[in-house]
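2 protein chains.
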Amino acid sequence: MFANRRFAFLLFLLAGLTAAGIFRDSPLAHDAGGDEAPPAAPTLDQLASGRLPVVDLGWPLNDTSPYWPAENYLPFRLTTIATLEKNGVLSKAFYCPEHLGTHLDAPNHFEKNQPAVDQIDPAQLFARGVKIDVTMQADADADYRLTRADIDEWEKSHGRIPDGVVVLLETGWSRHWNNYPRYKNQDTTGKLHFPGYSAEAAKFLVVERKAKGLGIDTLSIDHGPSKDFVVHHIVNGAGRYGLENLARLDKLPAKGFFLVAAPIKIETGSGGPARVFAIVPGPAGRN
Amino acid sequence: MFANRRFAFLLFLLAGLTAAGIFRDSPLAHDAGGDEAPPAAPTLDQLASGRLPVVDLGWPLNDTSPYWPAENYLPFRLTTIATLEKNGVLSKAFYCPEHLGTHLDAPNHFEKNQPAVDQIDPAQLFARGVKIDVTMQADADADYRLTRADIDEWEKSHGRIPDGVVVLLETGWSRHWNNYPRYKNQDTTGKLHFPGYSAEAAKFLVVERKAKGLGIDTLSIDHGPSKDFVVHHIVNGAGRYGLENLARLDKLPAKGFFLVAAPIKIETGSGGPARVFAIVPGPAGRN
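Taken in sequence, the protein lines are chains Z and Y.
Take 1 as the starting number for the first sequence in the working numbering and just add one per residue.
Take 1 as the starting number for the second sequence in the working numbering and just add one per residue.
Treat the hints with care, as some may be off.
[As the list claims (entries may be wrong)] A partial selection of chain Z residues facing chain Y, derived with a Cβ cut-off under 10 angstroms: (1) 48; (2) 69; (3) 108; (4) 199; (5) 204; (6) 207.
[Stated by the list, open to error] Here are the simulated DSS-like cross-link-like pairs (lysine-lysine), alpha carbons at most 25 angstroms apart as the crow flies: (7) Y:156 x Y:86; (8) Z:191 x Y:86; (9) Y:191 x Y:156; (10) Y:184 x Y:156; (11) Z:227 x Y:86; (12) Y:227 x Z:86; (13) Z:184 x Z:251; (14) Z:156 x Z:191; (15) Y:112 x Y:210; (16) Z:112 x Y:86; (17) Z:86 x Y:191; (18) Y:191 x Y:210; (19) Y:227 x Y:156; (20) Y:251 x Z:86; (21) Z:112 x Z:210.
Everything labelled a hint here was simulated from the structure, so no lab data went into it.
Glycine included, C-beta positions come from ideal geometry on N, C-alpha and C.
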């Protein structure tokens, strides 16, 4: 009787401590791949008070910023309206194609009856993020496309891609950002060469993993040589968005981060320059 | 001895349940002014999975969008580069003054040696928010300026404004948004008339409450008749930003919400169109 009571007492002690989260941050609480797992439940209050690292995934806009190289596209242009010296205030105006620099492709970019950039539900602009790194493959083949096998490989290492994330594809292409000819990599026939998603991979991520959006560190989620823009059609046809010309994907872990994608709110716009921030709790964010 | 053991047992049960957060959402856990208190620690995961209401505080940009009415300023202009019918893709380009529509004033707008819009530390763009409502005062006086007494009154009702928030001033002016002449409210001498912050209030919020930024639902954080833009100088001089032409401030509670301010990343820009989102946990967000 005495021994029984003592046993129950110890059981309660253990239950209480577990419920209180005493063991939450111990190695016991993590699975085998726990090196990239974020601490439990990072809060908005931690974010608002500067206690979570924020990585800016955008490039600054200037007159050398890469843009989609097609007819009627012109570079970003900034003009000064007023200066501190002459007018007591600094103020400028700018011209910009929607699909220039770090930007969002709205669902109406390639598909009818899909929302314009100003009509995207704000809830879609906040998401968990995962990153798939194909830098090595893209180094060997500039036209490389993410395969289903690459995704399987990722899931084997990091677990199932959760529903409703934004997927970011790191190709290493951002090292060419400051050299537009190298970045678009146009051959003598006019064909572009840079990596992207395959149709199969995009369909899997959008349909089977319900991705809110697909992002990349190149000019397009379709690889350079594409003429049918099949990946754009898959993504936009499902009402999802693309994020292109992303910066600093090398600063992100494979998983365990959060994304904010904030495109300029152009009425009827097919997309536009966007601020994209990654919030990276845990050790990975502290670099 | 038996009674003592029983007592200790019950104590442990209570401690365990309390630590486990069983009582966290009970009325016992809230203080007297709990009607506006958010649920404990809303998380990024809740935000990313659509479980927290997001209020879009921005207006869509079009050719009737209000802008600062001064020399060299032109309206927003959208041109179509390609269409689905002709080109298989919808794509546009736009012209925009930096200080048009819902936008952010960077610290370099009115002050030398302060960061441009692309140089603002991303950590400054995430903040807790408070809203001060002077709709009644502004109804009686279009040139009304928020006073120190208004802030004292707010703090008496809602508690001390925490350090590092973004303060939003609701004046009711957004009801004139779709009528630019009424919104800027220019008299026959050219003077503008709409409400704003007083220098005293701005200084208090920036210095004593370390506000990251000041926002408003009018063309300017300075009230319409201002010629010295003293509030801009106070805010920008302290390295802080302004948020102007905000929408839907009437949807926000006085406190207990979070803000994301995401301005277009123009290199050397004095500001620019911004997406501004409020995340409103708790009952206030469910309207």
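Here is how each hint holds up against the structure:
{"no.": "1", "hint": "48", "verdict": "holds, 5 angstroms"}
{"no.": "2", "hint": "69", "verdict": "violated, 12 angstroms"}
{"no.": "3", "hint": "108", "verdict": "holds, 6 angstroms"}
{"no.": "4", "hint": "199", "verdict": "violated, 16 angstroms"}
{"no.": "5", "hint": "204", "verdict": "violated, 21 angstroms"}
{"no.": "6", "hint": "207", "verdict": "violated, 19 angstroms"}
{"no.": "7", "hint": "Y:156 x Y:86", "verdict": "violated, 62 angstroms"}
{"no.": "8", "hint": "Z:191 x Y:86", "verdict": "holds, 21 angstroms"}
{"no.": "9", "hint": "Y:191 x Y:156", "verdict": "violated, 35 angstroms"}
{"no.": "10", "hint": "Y:184 x Y:156", "verdict": "violated, 33 angstroms"}
{"no.": "11", "hint": "Z:227 x Y:86", "verdict": "holds, 15 angstroms"}
{"no.": "12", "hint": "Y:227 x Z:86", "verdict": "holds, 15 angstroms"}
{"no.": "13", "hint": "Z:184 x Z:251", "verdict": "holds, 23 angstroms"}
{"no.": "14", "hint": "Z:156 x Z:191", "verdict": "violated, 35 angstroms"}
{"no.": "15", "hint": "Y:112 x Y:210", "verdict": "holds, 21 angstroms"}
{"no.": "16", "hint": "Z:112 x Y:86", "verdict": "holds, 13 angstroms"}
{"no.": "17", "hint": "Z:86 x Y:191", "verdict": "holds, 21 angstroms"}
{"no.": "18", "hint": "Y:191 x Y:210", "verdict": "violated, 32 angstroms"}
{"no.": "19", "hint": "Y:227 x Y:156", "verdict": "violated, 33 angstroms"}
{"no.": "20", "hint": "Y:251 x Z:86", "verdict": "violated, 40 angstroms"}
{"no.": "21", "hint": "Z:112 x Z:210", "verdict": "holds, 21 angstroms"}
Of the hints listed earlier, those the structure fails to meet are numbers 2, 4, 5, 6, 7, 9, 10, 14, 18, 19 and 20, in rising order.
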